[in-house]
Amino acid sequence: MAESTDKVLQVELVAADRLVWSGQATMVIARTTEGDVGILPNHAPLLSSIIEGVVDVQTVEGETWIAAVDAGFLSVADNRVSILSERAEMSHEIDLEKARQDLERAKGAGENDDAAQEAVRRAEARVRAAERAS
Amino acid sequence: MALSVREYRARIKSTESMKKITRAMELIAASRIIKAQQRAQAAAPYARELTRAVSAVATFSNVDHALTLEPENPKKAAILIVTSDRGLAGAYSSSVLKEAERLIEKLRGEGKDVDIYTSGRKAEAYFKFRQRPVAQSWTGFSDQPTYDVAAEIGATLIETFLAEEGDDVAAVDEVHVVYTRFRSMLNQEPTAVRLLPLEVVEGTEPPEEGDLLPLYEFEPSPSDVLDSLLPRYVQSRIFFALLQAAASELAARQKAMKAATDNADELIKKYKRIANQARQAGITQEISEIVGGVNALADAQAGSE
Numbered sequence: 000m001a002e003s004t005d006k007v008l009q010v011e012l013v014a015a016d017r018l019v020w021s022g023q024a025t026m027v028i029a030r031t032t033e034g035d036v037g038i039l040p041n042h043a044p045l046l047s048s049i050i051e052g053v054v055d056v057q058t059v060e061g062e063t064w065i066a067a068v069d070a071g072f073l074s075v076a077d078n079r080v081s082i083l084s085e086r087a088e089m090s091h092e093i094d095l096e097k098a099r100q101d102l103e104r105a106k107g108a109g110e111n112d113d114a115a116q117e118a119v120r121r122a123e124a125r126v127r128a129a130e131r132a133s
Numbered sequence: 000m001a002l003s004v005r006e007y008r009a010r011i012k013s014t015e016s017m018k019k020i021t022r023a024m025e026l027i028a029a030s031r032i033i034k035a036q037q038r039a040q041a042a043a044p045y046a047r048e049l050t051r052a053v054s055a056v057a058t059f060s061n062v063d064h065a066l067t068l069e070p071e072n073p074k075k076a077a078i079l080i081v082t083s084d085r086g087l088a089g090a091y092s093s094s095v096l097k098e099a100e101r102l103i104e105k106l107r108g109e110g111k112d113v114d115i116y117t118s119g120r121k122a123e124a125y126f127k128f129r130q131r132p133v134a135q136s137w138t139g140f141s142d143q144p145t146y147d148v149a150a151e152i153g154a155t156l157i158e159t160f161l162a163e164e165g166d167d168v169a170a171v172d173e174v175h176v177v178y179t180r181f182r183s184m185l186n187q188e189p190t191a192v193r194l195l196p197l198e199v200v201e202g203t204e205p206p207e208e209g210d211l212l213p214l215y216e217f218e219p220s221p222s223d224v225l226d227s228l229l230p231r232y233v234q235s236r237i238f239f240a241l242l243q244a245a246a247s248e249l250a251a252r253q254k255a256m257k258a259a260t261d262n263a264d265e266l267i268k269k270y271k272r273i274a275n276q277a278r279q280a281g282i283t284q285e286i287s288e289i290v291g292g293v294n295a296l297a298d299a300q301a302g303s304e
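Protein chains in written order, with numbering that gives the first Met the number 0: chain A, 0 to 133; chain B, 0 to 304.
Be careful, since some hints might not be right.
Unchecked claim - Ranges of calculated distance between the beta carbons of each label pair, as one might list FRET restraints: (1) Pro40/A / Arg47/B: 37 to 47 Å; (2) Ala114/A / Leu266/B: 51 to 61 Å; (3) Glu198/B / Gly37/A: 31 to 41 Å; (4) Arg99/A / Ala154/B: 26 to 36 Å; (5) Ala114/A / Arg47/B: 28 to 38 Å; (6) Ala114/A / Glu265/B: 55 to 65 Å; (7) Asn41/A / Gly108/B: 53 to 63 Å; (8) Arg131/B / Asn41/A: 50 to 60 Å.
It should be emphasised that the hints constitute simulated quantities derived from the structure, not laboratory data. Owing to the predicted nature of the structure, the values given are computational and were not obtained by experimental measurement. Ideal Cβ placement from N, Cα and C applies to all residues, glycine included.
Kindly generate the complete structure, drawing on both the sequences and the hints.
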């Protein structure tokens with residue numbers, strides 16, 4: 000492998016129906032079932048389940064991209080990072096007001112089963128992503 | 000030439016308005032098909048990455064999963080038949096149903112009972128008319144399927160596959176999908192594939208004998224990762240089938256409507272000719288009547304002089 004590609008991560012953030020973001024990055028932070036994990040170049044091969052949360056991508060140009068994702072997977076091999084999630088949104092695609100309302104509604108539903116908690120986590124992630132971007 | 004000119008005019012008019020409708024449907028199908036193809040392409044990265052992840056697990060760990068286990072003595076199979084909601088698409092739905100019937104025959108020949116699951120109103124109507132039981136059917140999305148629908152269908156099929164004898168849901172040992180593969184605008188072919196138990200073949204090459212496996216870390220554990228990975232893989236395969244079917248449906252509809260428009264053109268031409276002939280015949284008859292009348296008059300006058 001060439002010297003230059005050793006230092007960066009090739010990142011793909013993929014939702015079920017589209018490619019949300021792809022590009023080169025120096026660091027990726029995601030929330031797995033075990034807790035937050037940060038991926039730097041030359042990370043060991045990893046395959047992990049992620050939960051509803053925020054994914055943080057530091058690009059080579061020094062920019063930070065933030066995305067809200069649903070439960071899915073993070074796979075790392077040969078400096079390639081793919082984040083798979085059935086639904087994923089970049090922070091600038093999220094309407095903060097609407098996301099807040101969704102969160103209120105999800106919390107207000109007051110149900111305590113798995114699906115309701117998942118909805119709350121999803122709404123929280125979207126609000127967090129939108130807030131951090133603005 | 001039994002009909003009058005007026006009746007032929009009416010026929011030409013109605014054929015013309017029919018032609019306008021089929022032409023509009025052709026154009027609508029043509030514009031939607033591009034979107035359908037784009038959707039199918041947009042879904043490709045997810046399927047590709049998922050396949051890569053699944054084959055990584057399959058290659059680098061020795062975990063067996065319920066979804067990949069071949070049942071020793073398969074007795075029951077489920078078939079998901081993907082057709083369209085609406086007709087006017089030529090032989091699209093009937094060729095999928097024919098392929099499905101072939102598969103059902105084959106499975107019955109192997110001594111397996113077949114449960115039928117359908118997607119699209121056409122398949123639902125087909126089995127209802129023949130009073131054959133359908134385990135479950137989904138309708139209302141055939142020309143633009145969403146991932147949520149695919150996820151729901153996938154969840155149902157996985158549940159039946161994992162169910163044991165005696166559970167509430169009917170347990171099956173195999174799941175097949177019959178859908179139409181979109182090869183090109185001109186060529187779509189009905190295909191039957193086995194969805195479950197899963198066979199993972201594509202992707203990362205297996206390591207050579209004696210090579211050390213790259214140490215994949217699995218979080219939380221290989222079996223947990225596989226547990227959530229495989230159902231998603233199945234759902235993404237179903238989503239792929241639905242997208243292909245949607246593109247095929249639109250292509251078939253475009254082709255059928257093009258043929259219908261051409262036929263209407265032909266018909267209008269034919270009717271116009273007959274109508275003109277009838278008109279000409281009428282004129283000729285009138286002239287000969289006049290000439291005959293004049294002659295008779297002249298004869299009568301010549302006789303009286």
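Against the structure, the hints:
1. Pro40/A / Arg47/B: 37 to 47 Å: violated, 22 Å
2. Ala114/A / Leu266/B: 51 to 61 Å: holds, 57 Å
3. Glu198/B / Gly37/A: 31 to 41 Å: The hint (31 to 41 Å, Cβ to Cβ) holds, given that Glu198/B and Gly37/A are roughly 36 Å apart.
4. Arg99/A / Ala154/B: 26 to 36 Å: The hinted range 26 to 36 Å holds for Arg99/A and Ala154/B, with Cβ atoms some 30 Å apart.
5. Ala114/A / Arg47/B: 28 to 38 Å: holds, 29 Å
6. Ala114/A / Glu265/B: 55 to 65 Å: holds, 58 Å
7. Asn41/A / Gly108/B: 53 to 63 Å: holds, 55 Å
8. Arg131/B / Asn41/A: 50 to 60 Å: At roughly 59 Å between Cβ atoms, Asn41/A and Arg131/B fall inside 50 to 60 Å, so the hint holds.
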